[in-house]
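Enquirer: Respectively, the protein sequence lines represent chains B and D. Numbering-wise (my numbering), the first sequence opens with residue 1 and increments by one. Numbering-wise (my numbering), the second sequence opens with residue 1 and increments by one.
Derived from the structure by calculation, the hints contain no laboratory data. If you're wondering where the values come from, they're calculated on a predicted model, not measured in any experiment. Just to be clear, a hint being listed does not mean it is correct.
[Claimed, not checked] Simulated pairs of lysine-lysine, DSSO-like, Cα-Cα distance not exceeding 27 Å:
1. K77/D with K451/B
2. K77/D with K112/D
3. K50/D with K422/B
4. K107/D with K107/B
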Amino acid sequence: MKTEDLKNNKEYKYGFTTDVENIRSPKGLSEETIRFISNIKKEPKWMLDWRLKAYNRLKVLKEPDWQKPKYPKIDYQDLYYYSAPKSASDKPKSLDEIDPKILETYKKLGIPLVEQKRLNGIAVDAVFDSVSVATTFKDELTKKGIIFCSISEAIQKHPDLVKKYLGSVIPISDHYFATLNSAVFTDGSFVYIPPNTKCPMELSTYFRINASETGQFERTLIIADKGSYVSYLEGCTAPMRDENQLHAANVELVALDDAEIKYSTVQNWYPGDEKGVGGIYNFVTKRGACRGKNSKISWTQVETGSAITWKYPSCILQGDNSVGEFYSIAITNNFQKADTGTKMIHLGKNTKSKIISKGISAGNADNMYRGLVEIKNKAINSRNYTQCDSLLMGNKCGAHTTPYIKNNNATSTIEHEATTTKINEEQLYYCNQRGLDQEEAVSLIVNGFCKEVLQQLPMEFAVEAQKLVAISLEGSVG
Amino acid sequence: MLNIKNLQATIDNKHILRGLNLNIKPGEVHAIMGPNGSGKSTLANVLSGKNGYDIKGEIKYNGVSLSKLSTEERAQKGIFLAFQYPLEIPGVNTNTFLKTSLNSVRKAQGEKELDTLTFLKLIKEKASELGIDEKFLSRQLNVGFSGGEKKKNEILQMKLLQPKLSILDETDSGLDIDALRIVADGVNSYKSKENAFLIITHYQRLLDYIKPDYVHVLSNGRIIKTGDADLGVQLEKTGYSNIV
Chain B
1 MKTEDLKNNK EYKYGFTTDV ENIRSPKGLS EETIRFISNI KKEPKWMLDW
51 RLKAYNRLKV LKEPDWQKPK YPKIDYQDLY YYSAPKSASD KPKSLDEIDP
101 KILETYKKLG IPLVEQKRLN GIAVDAVFDS VSVATTFKDE LTKKGIIFCS
151 ISEAIQKHPD LVKKYLGSVI PISDHYFATL NSAVFTDGSF VYIPPNTKCP
201 MELSTYFRIN ASETGQFERT LIIADKGSYV SYLEGCTAPM RDENQLHAAN
251 VELVALDDAE IKYSTVQNWY PGDEKGVGGI YNFVTKRGAC RGKNSKISWT
301 QVETGSAITW KYPSCILQGD NSVGEFYSIA ITNNFQKADT GTKMIHLGKN
351 TKSKIISKGI SAGNADNMYR GLVEIKNKAI NSRNYTQCDS LLMGNKCGAH
401 TTPYIKNNNA TSTIEHEATT TKINEEQLYY CNQRGLDQEE AVSLIVNGFC
451 KEVLQQLPME FAVEAQKLVA ISLEGSVG
Chain D
1 MLNIKNLQAT IDNKHILRGL NLNIKPGEVH AIMGPNGSGK STLANVLSGK
51 NGYDIKGEIK YNGVSLSKLS TEERAQKGIF LAFQYPLEIP GVNTNTFLKT
101 SLNSVRKAQG EKELDTLTFL KLIKEKASEL GIDEKFLSRQ LNVGFSGGEK
151 KKNEILQMKL LQPKLSILDE TDSGLDIDAL RIVADGVNSY KSKENAFLII
201 THYQRLLDYI KPDYVHVLSN GRIIKTGDAD LGVQLEKTGY SNIV
């Protein structure tokens with residue numbers, strides 16, 4: 001099939017029409033693969049050059065191995081870096097073909113039927129099609145001059161913005177996985193909020209399903225111009241399966257003077273089975289630059305999925321008076337492992353950062369908070385407050401906290417508080433005595449433990465997230 | 001309603017209850033008094049189904065053996081324990097807890113769960129009966145509550161859940177006179193022909209406000225003496241040493 005046909009096929013309103021043979025890039029990582037990806041996406045030469053530069057850099061970089069969760073060596077030459085969307089014939093025809101266990105989880109989360117179908121790639125009745133809902137909202141955004149599209153589309157239509165900001169927060173030479181992403185990223189989201197504009201809706205609330213196919217090497221770039229505000233939500237509480245084991249996404253945020261970006265993530269990729277077989281390696285690089293004065297970037301994450309989660313959403317506080325925040329819930333159950341936290345780099349004067357991390361381990365899981373707070377010598381009168389709480393359920397799991405703290409000037413203060421507690425049998429008994437069964441009791445106590453983070457989530461999502469927290473820990477006590 | 005025959009309870013190889021017999025009928029108020037370590041709180045824990053006890057003997061609640069019921073099933077079937085030390089649950093709003101609790105019980109009893117508005121109306125009503133400020137209900141459950149507030153919260157839960165058998169485990173301890181009176185009034189207003197109480201206490205003073213039908217003296221894991229309300233008054237004067 002020619003690339004032109006593929007393009008037409010992709011543009012079809014409902015996604016998939018005829019049987020498309022599965023188009024794949026050549027196997028393995030090579031210049032040929034990168035040229036193939038760039039070509040199939042009809043990218044301009046500068047983009048191809050950018051990818052190749054990253055690839056050449058990658059050749060001399062070493063895969064890091066300092067993280068706590070170890071994993072078997074990945075054979076990068078044994079992967080496919082691009083494959084066309086699945087054809088209709090490969091996809092389930094109705095929800096009857098979906099694993100009843102997954103359907104049960106959807107039910108508990110209260111995910112609407114239409115969305116359940118979308119999640120599984122089942123064509124949806126046009127009347128209920130959320131794509132048309134999306135179109136309505138897109139019009140509203142366009143009126144305000146907000147650009148919200150795929151990164152591929154942005155490369156075509158807004159090359160100046162992409163050239164200016166892509167790689168400006170995560171340079172192509174950054175580290176192994178980020179550089180790999182720069183070389184082979186397939187798609188992702190692009191957002192630009194013009195000056196003095198408040199984005200009128202949670203971005204991606206209505207679009208979250210559309211991103212479900214971008215999977216493995218996602219690339220997101222969000223720019224909030226002077227005095228603007230945007231809240232962006234990534235992910236989905238519904239369990240997500242993917243054939244690709246390695247996920248290495250890059251997310252770059254840029255906030256200019258007086259701008260604010262709120263970025264929320266709910267990650268529920270396949271964690272592997274109860275025995276620890278399978279599951280996604282979620283090795284993601286997320287970084288935001290508070291480039292302007294009085295700017296603010298706030299990361300909120302609810303991480304419940306993946307076999308291994310390895311990520312540190314970070315803030316570079318360049319602008320004077322800028323603010324960075326990180327709110328995290330990381331839940332590991334069965335044999336899941338997480339090594340996650342944040343980096344707050346204070347460069348500007350009077351910069352502030354706040355870190356609230358809630359780690360919950362159950363089963364045989366292992367949960368590590370690792371974070372860096374660095375206040376440079378010119379960042380006078382800066383402050384950081386960090387609170388790391390770990391909750392253990394059962395006696396086979398682990399919780400670890402490794403904070404790195406560097407303060408290079410005498411006018412700044414850093415506070416760090418950490419607690420580790422075991423889920424309290426007396427609290428459970430108290431709840432049981434009031435008629436709550438074990439699962440309700442655990443859900444209540446754990447949601448209380450996570451409250452400070454959950455209340456940072458966009459309202460319409462908080463309820464789903466609370467249920468997700470409970471579901472992730474089902475069967476972990478008693 | 002409750003029939004206990006030859007109840008024995010052991011925890012960590014310590015033999016605490018050693019052949020306890022007790023019968024409680026609907027509408028009755030029983031007080032259990034006794035020196036420290038006599039097994040009073042163990043009795044409350046065993047009745048409510050706390051884990052960790054090795055139990056022999058028989059407890060029947062409305063004809064059903066309690067050993068077959070989990071802690072939450074006992075609660076759902078109307079056994080309520082007002083804790084000696086109510087637990088703090090950080091991050092959980094008191095109202096949320098009370099609503100979850102009430103709806104769990106209602107669901108188990110085949111009643112319709114209450115929506116938030118109906119619940120709030122109900123809880124406000126119950127709270128004002130006990131002179132509890134509404135603001136108190138939006139605080140985290142028992143976190144930073146004074147001793148008196150925690151105990152009042154227990155009585156509030158009792159009145160909300162409407163149990164058939166209410167066990168009060170040293171609810172009077174740590175209360176000043178005013179709080180004691182509020183708690184006692186709360187209990188008295190819930191007394192009826194259908195509801196029974198088992199009141200565990202060290203002191204007569206609670207029984208000045210809540211008049212028991214029976215007073216039992218527990219010693220070394222057994223009830224060694226049973227009398228009417230006068231027994232409590234007598235104990236207050238002479239202490240346990242004369243009868244133990």
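Enquirer: It remains to establish, for every hint, whether it holds in the given structure.
Expert: Do the hints match the structure? See the list:
1. Of the pairs offered as hints, the one joining K77/D and K451/B is violated, with about 31 Å between alpha carbons and a cut-off of 27 Å exceeded.
2. Among the hinted pairs, K77/D with K112/D is consistent with the structure: their alpha-carbon atoms are about 16 Å apart, no more than 27 Å.
3. Straight-line distance between C-alpha atoms of K50/D and K422/B comes to about 18 Å, which keeps the hinted pair within the 27 Å bound.
4. Under the criterion of a C-alpha separation no larger than 27 Å, the hint pairing K107/D with K107/B is consistent with the structure, at around 19 Å.
Comparing the model with each earlier hint shows a violation of hint 1 alone; every other hint is respected.
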